[in-house]
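Using the sequences and the hints, build the whole thing.
If you're matching them up, the sequences are chains A and B in order.
Each residue of the first sequence is one higher than the last, beginning at 1 in the numbering used here.
Each residue of the second sequence is one higher than the last, beginning at 1001 in the numbering used here.
Worth flagging that the hints you see were computed from the coordinates, not collected in a lab.
C-beta: ideal position from N, C-alpha, C; glycine also.
Everything hinted at is true.
Distance condition first, Cα-Cα at most 20 Å in a straight line; then the derived DMTMM-like pairs of lysine to aspartate or glutamate:
| id | chain 1 | residue 1 | chain 2 | residue 2 |
| --- | --- | --- | --- | --- |
| 1 | B | LYS1089 | A | ASP227 |
| 2 | B | LYS1224 | B | GLU1039 |
| 3 | A | LYS389 | B | ASP1123 |
| 4 | A | LYS12 | B | ASP1171 |
| 5 | B | LYS1091 | A | GLU225 |
| 6 | A | LYS197 | B | ASP1132 |
| 7 | A | LYS232 | A | GLU209 |
| 8 | A | LYS300 | A | GLU272 |
| 9 | A | LYS400 | A | GLU343 |
| 10 | B | LYS1057 | B | ASP1013 |
| 11 | A | LYS232 | B | ASP1126 |
| 12 | B | LYS1247 | B | GLU1208 |
| 13 | A | LYS376 | A | ASP390 |
| 14 | A | LYS393 | B | ASP1126 |
| 15 | A | LYS196 | B | ASP1132 |
| 16 | A | LYS218 | B | ASP1085 |
| 17 | B | LYS1065 | A | GLU209 |
| 18 | B | LYS1260 | B | GLU1218 |
| 19 | A | LYS197 | B | ASP1171 |
| 20 | A | LYS376 | A | GLU343 |
| 21 | B | LYS1089 | A | GLU225 |
| 22 | A | LYS393 | B | ASP1171 |
Where chain A lies over chain B, by a calculated footprint (3+ residues, C-beta under 8 Å):
| id | stretch |
| --- | --- |
| 23 | 1016-1023 |
| 24 | 1082-1090 |
| 25 | 1174-1186 |
Spelled out from the first residue to the last, the chains are:
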Amino acid sequence: MFTDFYYILRKKGVPVTVTEWLSFIEALYKGFFQSSLNHLYYIGRAFLVKSEAYYDMFDEAFNEYFGGIKTDPSELEKVLNWLENPLHRLPKLTPEEAQEFHRRLEELKKEYNIEELMKKFRERLMEQKERHDGGSKWIGTGGTSPFGAYGYHPGGIRVGGESWMQSASKVAGERRFRNYRNDIILDVRQTKMALKKLRELKREGLEEELDLDGTIDKTAKQGGEIDLVFNKSRENSVRLILLMDTGGSMLPYTELCERLFSAASQMEHFKEFRYYFFHNCIYQDVFEDMANYKRVPTEKLFSNFHKGYKVVIVGDARMAYSELFDVNGCIDYFYSNDKPGLEWLLKIKEHFPHSVWLNPTHRSFWGHYTVDTISKIFPMFELTLDGLKDAVKALVSKPKMPSFHN
Amino acid sequence: MDYNVNSYKGSDDYIASKPLMEIVNVAVALGKPLVIKGEPGTGKTLLAHSIAKALGKKLIIWNIKSTTKAKDGLYVYDTVQRLNDARFKDKDISDIRQYIKLGKLGQAFASPEQVVLLIDEIDKADIEFPNDLLNELDEMSFHIPELDEEIRAKHRPIVIITSNSEKELPDAFLRRCIFHYIEFPDEEMMERIVKVHYPDIETKLIREAIKKFYWIREVDGLRKKPSTSELLDWIKALALGGINPEKITTEIPFLGTLLKNELDTGRFVRLSSAQGGFGFRRR
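So, in C-alpha cells, the structure goes:
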C-alpha cells in the first residue's frame, strides 16, 4: 500500500528510510490516520520527515501522489456545502458495536486500496447530484460510505469535515516550507552546524574531570587519605585555514561566501582559525585582505602552519587555461609568477593533506578544464549544506593524495 | 477508536493546532519519542507541560546544557562520597546502592506510573549526545553495571524532546522518533493564544498589537525576530501602561520588550522613521 509514495518521496529527495516507512505503515494499519487525507498529511509527515528542511519536498511528493484528489473546484464546493452540516452526530458506539466496527475495518482494509478509492471518489463525485446523508454508497455525512465527513469508514476519504487549519492538499499545494529547503539556502546558522562536525577531541586545557583510577591509586598509596586527581577535559583541536577566491567570476557568490566566512569566524569552535584571500588562482602570495594588498608569501603558510592544519579553499576554480598552467599566467598585469599556479596548488595539497575545495557553482558547471584539473588535486564539493557536510567528512577522514602528477 | 478515549486535546492554558494534537496522540499511543522543533517562543517546552496537565500525569523535566552527558540522565554513581565514607566506619560502604542516584531519565523509567518526560533543548548538548540515548529510548531500559541491575520502564514514559536546531540531530536518533516542526502561528491563531494568556485584555488592543507585531516581524534583516513570548510581554506592558489601542497604530511604545538587540532597535527606528508610523512609505 502506498509503496509508490515511498519512491516518490525518495525521488524528491526526502531521505526516508525503511524503518521510518515501516512505522508509518504500522500507524496506518492501527488506524491513526482515521481515513482522512489531513491525518495522512500531518501524521505521515511526522513519521517520514525528520527535518523542516525536507517539508517542501514532502509537499511536492504529496501533491504528486495525492494531488489527483483535487476535484473540479465547483463540484468540490458543492460537496463541501453538503457535508458542512451533518443531519445527526454519530451516537457513541457500544463495545459490541466497536468490536464489530474493528472487524469490519480489517475486512475493508483488505478489500480496498487507496488508488481505487480515489478513483471511485472521483467517479462518484461525477455521478452524484444531490445531498446525501446516511446510506452506504454516496458521498454524504454520517454514513458508512468511504467518502464523506463524520462517517465511519476506514480507509475512506474525508471531504472537508473537522476544523483542521487547512486541508492537506491545499497546504501541500501552497508549499509553505520552500524556504526551509537546504539545497537552496545555506545560512550562517546552518553553516555553523555543519562546521561543528569538524572537530577532533583531544585532552587539553583546564583539569576538571575526575580521574577515578588515578584517584584510587593515589588514595591507596597515601593509606586512605583521599587525594583527588583530575584530568583535562577533551577539547576540539582542529586548526582551520580558509582560502577564499575574490576573483571577478566569484562576484555572484559573494554573499554565500560571506556566510561561510562569518559562520567559521563566529564559531569559537576551532583551536585556531586563519583566513587568506587569493585572486582566481594561488601563486607565490596569498593576501590578508580582500582587496589583495597585504601580501603573505604562500611559503610562509608552509613554515608557520604544520601538516595538521585543515585547509578549505573556496573558489569557482574556473579560470583561463594559462592562469593555471603557465608561468606568468596570473590574470593581474603587475603580478608575475615564475611557477604556474598548478604547482602551487600541488604544493598546498602536499603540505596540507587535509584540504578540500568548496565550489559555489553547481556541479553541472564543473565540466570546465581547469575545474576538472583542480578537482583531481583537491576533493571538490558544492558550497551547499549537503556539500559542506561531505567536505567536513572528507576533512576528518584519512586524506587521499592526488592521483595524477603533471 | 480506543486511543481517542484518553487523548490529548490541548489544555486550557495552551492552544495546540489540530495537527499537533493528533501527532501527540499518535506518539503517545505508539510510545515513540516526539521531537518538537520550531522558532524560539513557539511553545515547544509548554507543550510538554500542557500534555502532562491535560492527561493528568507527572512531568519530569531534564534540562540539557552544553556539559550534559547522556549518562547523567540515567544515573550518577557518587564515587567520591563512597571513597570518603570508606575512611570512616560509620556506614556500610559495601552497599553500592546508596551511592547510585537515578537521573531524570532513570526516574522516569522507575516511576510506578506513566510520566511525561521532557528532554528540553537537546541540541544544547554535544553532537553525539542523542546517539548515546538511542538504545535507552528504544528499549526504555538501561543497565547499571555497578549493581548488575536492569532498570526497565514499568510504563513507557511519554517522551517529548525539544530542539532549537542549534545543532542538527543525528539521523539514527531521528529515525526512531516522530518529528513535528511548529510553524510560527498566524494572526488568527495568535489572537487565540494571547486570549488564553490574558482573557481580560480588550480585543481591540490585542488585535492592533498583533497587527503591529507581524509588521515588525516582516522587517528585513532583524537579527532576532520577536516571538510569541515577546508579544505576550509587550501586550501585558501595553495593558498595564493603559495605552490606547489607537496609539499603537502610529507609534510603538515599549519597543524594548519586542526587540532585545541594540542593532535591531537602531535599524528599526531608522526604518520606521523613514517609512512613517503606519509602515507605509511616505509620499
